[in-house]
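Colleague: Produce the entire structure from the sequences given, and follow the hints as far as they go.
Those protein sequence lines, which keep their order, are chains G and U.
Taking our numbering, the leading residue of the first sequence gets 45, the next gets one more, and so forth.
Taking our numbering, the leading residue of the second sequence gets 45, the next gets one more, and so forth.
Mixed in with the good hints, there may be bad ones.
Where chains are identical, the list cannot tell them apart; a pair therefore holds if satisfied intra-copy or between any two copies.
Simulated pairs of lysine-lysine, DSSO-like, Cα-Cα distance not exceeding 27 Å [unchecked claim]: (1) 102 x 220; (2) 200 x 252; (3) 145 x 130; (4) 220 x 252; (5) 253 x 220; (6) 102 x 67; (7) 61 x 102; (8) 265 x 200; (9) 55 x 67; (10) 130 x 261; (11) 130 x 55.
To be clear, the hints were calculated from the coordinates, so they are not data collected in a lab.
Spelled out from the first residue to the last, the chains are:
2 protein chains.
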Amino acid sequence: MTQEPGKLASKLGLSFKNPALVKRALTHRSAEADNNERLEFLGDAVLGFVIAECLYEKFATADEGVLSRLRATLVNQTALANIARKLNLGDFLILGSGELKSGGYRRDSILSDALEALIGALLVDQGMEVCRRWILNLFAEQIDSLSVTDWRKDPKTRLQESMQARGLELPVYILKSVVGQPHDQSFFVECRVSLTSETCEGVGSSRKKAEQQAAEKMLAKLIQEFGFKP
Amino acid sequence: MTQEPGKLASKLGLSFKNPALVKRALTHRSAEADNNERLEFLGDAVLGFVIAECLYEKFATADEGVLSRLRATLVNQTALANIARKLNLGDFLILGSGELKSGGYRRDSILSDALEALIGALLVDQGMEVCRRWILNLFAEQIDSLSVTDWRKDPKTRLQESMQARGLELPVYILKSVVGQPHDQSFFVECRVSLTSETCEGVGSSRKKAEQQAAEKMLAKLIQEFGFKP
Numbered sequence: 045m046t047q048e049p050g051k052l053a054s055k056l057g058l059s060f061k062n063p064a065l066v067k068r069a070l071t072h073r074s075a076e077a078d079n080n081e082r083l084e085f086l087g088d089a090v091l092g093f094v095i096a097e098c099l100y101e102k103f104a105t106a107d108e109g110v111l112s113r114l115r116a117t118l119v120n121q122t123a124l125a126n127i128a129r130k131l132n133l134g135d136f137l138i139l140g141s142g143e144l145k146s147g148g149y150r151r152d153s154i155l156s157d158a159l160e161a162l163i164g165a166l167l168v169d170q171g172m173e174v175c176r177r178w179i180l181n182l183f184a185e186q187i188d189s190l191s192v193t194d195w196r197k198d199p200k201t202r203l204q205e206s207m208q209a210r211g212l213e214l215p216v217y218i219l220k221s222v223v224g225q226p227h228d229q230s231f232f233v234e235c236r237v238s239l240t241s242e243t244c245e246g247v248g249s250s251r252k253k254a255e256q257q258a259a260e261k262m263l264a265k266l267i268q269e270f271g272f273k274p
Numbered sequence: 045m046t047q048e049p050g051k052l053a054s055k056l057g058l059s060f061k062n063p064a065l066v067k068r069a070l071t072h073r074s075a076e077a078d079n080n081e082r083l084e085f086l087g088d089a090v091l092g093f094v095i096a097e098c099l100y101e102k103f104a105t106a107d108e109g110v111l112s113r114l115r116a117t118l119v120n121q122t123a124l125a126n127i128a129r130k131l132n133l134g135d136f137l138i139l140g141s142g143e144l145k146s147g148g149y150r151r152d153s154i155l156s157d158a159l160e161a162l163i164g165a166l167l168v169d170q171g172m173e174v175c176r177r178w179i180l181n182l183f184a185e186q187i188d189s190l191s192v193t194d195w196r197k198d199p200k201t202r203l204q205e206s207m208q209a210r211g212l213e214l215p216v217y218i219l220k221s222v223v224g225q226p227h228d229q230s231f232f233v234e235c236r237v238s239l240t241s242e243t244c245e246g247v248g249s250s251r252k253k254a255e256q257q258a259a260e261k262m263l264a265k266l267i268q269e270f271g272f273k274p
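Modeller: Structure below.
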């Protein structure tokens with residue numbers, strides 16, 4: 045049973061001048077036309093910026109590649125859905141009947157979108173500073189646990205070292221296909237590890253780049269699903 | 045001959061407490077280790093946010109898809125490089141000797157990165173409000189010329205109508221390849237128009253999605269290179 049949107053704001057310690065914004069942020073497009081998609085667009089943008097600024101300040105010597113990877117670890121659908129679950133956002137979602145029956149309140153994409161929309165709603169209602177503080181509070185624990193030294197290494201190296209440290213078999217990379225003209229090819233590579241039967245695919249303009257991307261995705265999966273330290 | 049970074053700031057009407065930030069923003073990685081890549085990371089994030097917020101406010105009834113497309117029209121490498129050229133940023137770039145010889149000061153990617161870095165430098169030095177105002181000023185003309193009604197339509201429709209309005213042949217979409225397992229396929233589609241021999245490729249989980257992406261890229265190319273109205 046969906047709970048009142050107003051309750052969520054007070055549970056989260058947020059005050060809104062316009063409570064209709066909270067309701068809209070929690071409303072999935074399956075429920076009604078006045079839904080959270082616009083707020084999600086805004087929330088996604090402010091979230092990306094606030095985390096970028098925070099990482100820029102915190103890791104004063106990290107290069108751009110490291111900063112991008114750190115941000116991708118913090119801000120992605122799985123990570124946002126996990127935060128949304130901690131906030132019990134699922135109990136407050138307003139879903140259409142189809143989504144309700146199929147358990148949409150548990151789905152990563154819907155939870156993640158609702159969290160971004162709530163961030164957007166807070167920005168509209170309370171302005172940048174309140175919004176920034178709430179974002180940094182939501183991510184405080186994860187930001188504190190980031191270690192920049194690990195991220196200086198490329199994803200393949202990090203994945204390999206993660207496996208070695210746990211006494212697991214090394215990752216395997218399989219070239220699945222090569223597409224395009226000789227001067228403009230895309231390589232598709234699959235990464236497999238012994239910890240899960242799920243695979244991750246990377247694509248790139250060289251086999252090496254595709255392997256790095258596949259390794260990066262696999263690392264993100266292991267961080268989110270198996271609690272690897274980022 | 046590269047001009048003094050300090051001159052650029054005064055030409056642009058910007059004042060910096062720390063002039064070293066301007067120099068860093070103009071320094072390409074080919075020139076030295078203390079280059080603009082970190083500032084570019086920050087500038088890219090704040091730019092994306094400021095434009096998103098502006099579009100959210102200006103187009104109060106546009107849905108998320110329209111807002112995303114409008115933002116992609118405003119903020120992309122070609123568009124940023126064009127703004128950088130208007131500001132004569134190329135005259136102030138600090139490049140390594142290789143990039144200098146090969147005309148790096150004219151290259152879209154280098155110009156676009158330097159503009160983003162300058163935006164980042166302004167944020168660091170002068171704070172959010174000054175930075176926001178400068179961004180909105182840089183994009184004022186383009187934002188004013190955006191028409192939301194055109195953007196309600198999907199990219200294929202818009203591309204087709206653009207061609208028809210000019211009495212040109214209709215766009216052609218060619219399925220180039222299909223990659224992956226039956227339940228998880230990627231379709232690669234090429235879009236061709238009679239106006240240019242260059243093609244644009246789209247990729248998507250269905251043929252239709254790939255066609256829409258290819259049309260979107262082709263539209264962006266025509267807007268930037270042939271002065272189509274966005």
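Colleague: Now, for every hint given, state plainly whether the structure supports it.
Modeller: Here is what the structure says about each hint:
no.	hint	verdict
1	102 x 220	neither (39 Å within a copy, 45 Å between copies)
2	200 x 252	within (10 Å within a copy, 34 Å between copies)
3	145 x 130	within (22 Å within a copy, 55 Å between copies)
4	220 x 252	both (13 Å within a copy, 24 Å between copies)
5	253 x 220	both (14 Å within a copy, 22 Å between copies)
6	102 x 67	between (34 Å within a copy, 22 Å between copies)
7	61 x 102	between (33 Å within a copy, 21 Å between copies)
8	265 x 200	within (14 Å within a copy, 35 Å between copies)
9	55 x 67	within (14 Å within a copy, 47 Å between copies)
10	130 x 261	within (24 Å within a copy, 39 Å between copies)
11	130 x 55	within (12 Å within a copy, 50 Å between copies)
The structure fails to meet hint 1 from the earlier list, while all remaining hints are met.
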